[in-house]
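Undergrad: Sequence:
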Amino acid sequence: NPPILVFDEATSSLDSRSEQVILEALREVAARRTTLVIAHRLSTIIDADTILVMEKGRIIERGTHGQLLAQGGLYAHLWSLQQEERLAKSA
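Using the working numbering, read the sequence shown as starting at 1 and increasing by one per residue.
None of these hints come from the bench; they were simulated from the model.
Keep in mind that the hints are not guaranteed to be accurate.
Label-pair restraints from in silico Cβ distances [claimed, not checked]:
no., residue 1, residue 2, range
1, Ser-80, Ile-38, 17 to 23 Å
2, Trp-79, Lys-56, 18 to 24 Å
3, Asn-1, Ser-90, 34 to 40 Å
4, Leu-69, Lys-89, 19 to 25 Å
5, Glu-55, Ser-90, 26 to 32 Å
6, Ala-88, Thr-34, 35 to 41 Å
Glycine included, C-beta positions come from ideal geometry on N, C-alpha and C.
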């Protein structure tokens, strides 16, 4: 039982349904541990306590999902793009 877990793009190539199954399992495994999740698919990290947005190796934004959306920065822009893409695929 390691005290720190690192997941690097753990759901990047999964469909939405499989992603949800994996995310639920990861939540159970990560409970009461420090967990670092590296993700480009932002739906993977919306429940994180703290999200760090990096650009060119530097942290440019930090906060919860809601805080980052409210800031209207890069995270909010990427979230919007990913949601538009998800809606286009389901149409």
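Undergrad: To test your reading of the hints: which numbers does this structure violate?
TA: Result: no hint breaks.
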